[in-house]
Amino acid sequence: MARNREPLNLGVNIGKLQLASPIVCASGTFGFGEELTGLVDFSSIGAVTTKTVTLQPKAGNAPPRIFDSGCGVINSVGLENPGLESFLNDTLPKIKKLNTKFIVSIGADTAEEYAEIVKKLDDVKDVEALEANLSCPNIKNKKIVSQDKEATYQLIQSLTSLTAKPLIVKITPETVDIVGVARAAASGGADAVSLVNTFFAMAIDIETARPYLGNIYGGYSGPAIKPMSLYRVWRAAAGLEIPVIGGGGIVNAADAIEFILAGATAVSLGTVNLVYPNKAKDILGGIKDYMVKKKIKDVRELKEKVPSEGSVG
Amino acid sequence: MRAKQIEVIVGEIKKVNKEVFLLSFTSSYLAKESRPGNFLHIKINSTLLRRPFSVHKVCGRKVFVLFKVRGRGTNMLSKYNKGDTLDVIGPLGKGFDARPQKQSVLVAGGIGVAPLVFLAQRLKKIKTKNIVLLGERSKKDILCEKEFKQFGFKVYVATEDGSKGTKGTVVDLLKRQLSTINCQLSTNIYACGPKEMFFKMHEAVKAYPDINCQVSFEQFMGCGLGICCGCSIETKAGYKKVCKDGPVFNLGDIW
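Residue numbers (the working numbering), protein chains in the order written: chain S, 17 to 329; chain W, 30 to 284.
Treat the hints loosely; a few may be bogus.
[To be verified] Pulled a few chain S residues facing chain W out of the computed Cβ check, cut under 8 Å:
no. : residue
1   : G44
2   : F58
3   : G88
4   : A131
5   : F215
6   : M218
7   : D221
[What the hints assert, rightly or not] In silico DSS-like cross-links for lysine-lysine, where the CA-CA straight-line distance does not exceed 27 Å:
no. : chain 1 : residue 1 : chain 2 : residue 2
8   : S       : K113      : W       : K175
9   : W       : K111      : W       : K175
10  : S       : K113      : W       : K178
11  : W       : K269      : S       : K74
12  : S       : K110      : W       : K123
13  : W       : K156      : S       : K158
14  : S       : K113      : W       : K273
15  : W       : K156      : W       : K204
16  : W       : K156      : W       : K168
17  : W       : K33       : S       : K304
18  : W       : K131      : W       : K178
Read the hints as simulated data drawn from the structure, not as lab findings.
Each residue gets a CB set at the ideal place from its N, CA and C atoms; glycine is no exception.
All chains, full assembly: derive it from the sequences and hints.
In structure tokens, the structure reads:
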């Protein structure tokens, strides 16, 4: 009988950040969370990662900005957001009332701008954790920092000294050395890494011979990228001394469990939120069912059940 | 949020013409809460993202969607059968602001007629002089003419090939209306159609600054809930979300 069962532990720690559920909503796919009040059970969500906030308001890229390939979504939103001041004055008072934790995703063009945002947010008591978005593909003519391990190390080291809040680094899959980049973030003092962000992609309308997106190209997400994301999470997590928030194409509980088995401490839901905003509830339910079936009491016991490369005989 | 995620059962799906289908389902909540210009975000098999459809009309607890087959999603939806399940989030978006003016002019470009029937249902309760302008390629494509007449609307038709009504576009019909003195005095214009039509309307109405002109935009959409910024369009005040700031905008805020 259910009441005789020991309760399941679903809580995980992302550095100093304690989450009641291993499910995190990925930046850019959940707004600031408060827009979804009434449609979402926030108690199933460990943390909502906000839309990336920049120092100044950002208009974003030319429309159209989104394309559905049937098995994935290409977006070229380009970090549209109201800017840090509006976030602090208008949005923060609303989101701190939600029944979940939140991670503020931050983006900038230069190390100086990053430092300024981190310093400003470090002073705000209600902000529980930061995620440095070093991986947006929709920034024209600018290098994605997390493609380069040295650049990642330099930037993260400069930021971690400025804040006592947990700092998560969001990494691109578009690098030849994702293991090196994850380790560089850890060496720089990051509390966790989150991967993957989107893959570069495009689509063309053959009738008009024009690209579907106003920005020509964008970032690809959704179920199509899941096997590639899983591989990168498995690679990056092996031997890494900080937790990994793993995701990229998760649409159901089985996908989420795969990422945890591959070495992720928490999982992030992205594109699926656009279709089913309350999906975290279903997926958490599915994880619980799996734990009961496998007689596992603590979600942390699932982690890294899949062997790393060196240990495969 | 007023919107809910609801599973509904397809009650009826009927081919209206070669490319246009009428689908209905029963939902007390959506029937009660939907306003003209609101849309429903529907999950269709074989597409990843939902697809937005404006509420075509409401009869009792029955909600109707009128759609044209244009891509993978609408093609798949046209193959649904009575009894199939649809996952719907709605009602969504900012709809038409139906104002009690002396005269209302509805402007429908092609399948843009879809939300205007629901608006006409509501406008007939407000005692105004009502006109609808329907624009299509050809006589056989004209939609909903009978319904507008039942609601007491005066109907004018324009076809590209001249097979019915005036040969030309719906904006040509609008220009003719605008030239009448009645129209200039106290008129609201409500429109739905392609962006190019709205631009031509803007050119036509800019000489009449007192006329309120509301237009319902279409755009590729991600979430439909205002969280992804995927459906933004350019306005005079910067990018605005079609799903949340619209789909109905004041024409004067766009150009």
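Cross-check of the supplied hints:
The beta carbon of G44 of chain S comes within 7 Å of a beta carbon in chain W, closer than 8 Å, and the hint placing it at the interface holds. At about 13 Å, the closest approach between the beta carbon of F58 of chain S and any beta carbon in chain W exceeds 8 Å, and the interface hint on this residue is violated. Against a cut-off of 8 Å between C-beta atoms, the interface hint on G88 of chain S holds, since the closest Cβ of chain W lies about 7 Å away. Interface restraint check: A131 of chain S against chain W, minimum CB-CB distance 26 Å, threshold 8 Å, status violated.
The interface hint given for F215 of chain S is broken, as the beta carbon of that residue sits about 15 Å from the closest beta carbon of chain W, more than 8 Å. A hinted interface residue such as M218 of chain S counts as satisfied when its beta carbon comes closer than 8 Å to some beta carbon of chain W; here the least separation is about 15 Å, so the hint is violated. About 11 Å separates the beta-carbon of D221 of chain S from the nearest beta-carbon of chain W, more than 8 Å, and the hint is not met. Of the pairs offered as hints, the one joining K113 of chain S and K175 of chain W is violated, with about 51 Å between alpha carbons and a cut-off of 27 Å exceeded.
Between K111 of chain W and K175 of chain W the alpha-carbon distance is near 25 Å, which keeps this suggested pair within the 27 Å criterion. Of the pairs offered as hints, the one joining K113 of chain S and K178 of chain W is violated, with about 51 Å between alpha carbons and a cut-off of 27 Å exceeded. Proximity of K269 of chain W to K74 of chain S is assessed by CA-CA distance (about 13 Å); at most 27 Å being required, the pair is judged to hold. A hinted pair counts as satisfied when its Cα atoms are at most 27 Å apart, and K110 of chain S with K123 of chain W qualifies at roughly 22 Å.
Proximity of K156 of chain W to K158 of chain S is assessed by CA-CA distance (about 58 Å); at most 27 Å being required, the pair is judged violated. For the hint pairing K113 of chain S with K273 of chain W, the CA-to-CA distance comes to about 22 Å; that is within 27 Å, so the pair holds. With a C-alpha separation of about 24 Å, the suggested pairing of K156 of chain W with K204 of chain W holds against the 27 Å cut-off. Annotation: proposed proximity of K156 of chain W to K168 of chain W is violated, straight-line Cα distance about 30 Å (limit 27 Å).
About 26 Å separates the Cα atoms of K33 of chain W and K304 of chain S, which keeps this hinted pair within 27 Å; it holds. As the CA atoms of K131 of chain W and K178 of chain W are separated by approximately 18 Å, the hinted pair is consistent with the 27 Å bound.
The structure fails hints 2, 4, 5, 6, 7, 8, 10, 13, 16 (numbered hints given earlier, in ascending order).
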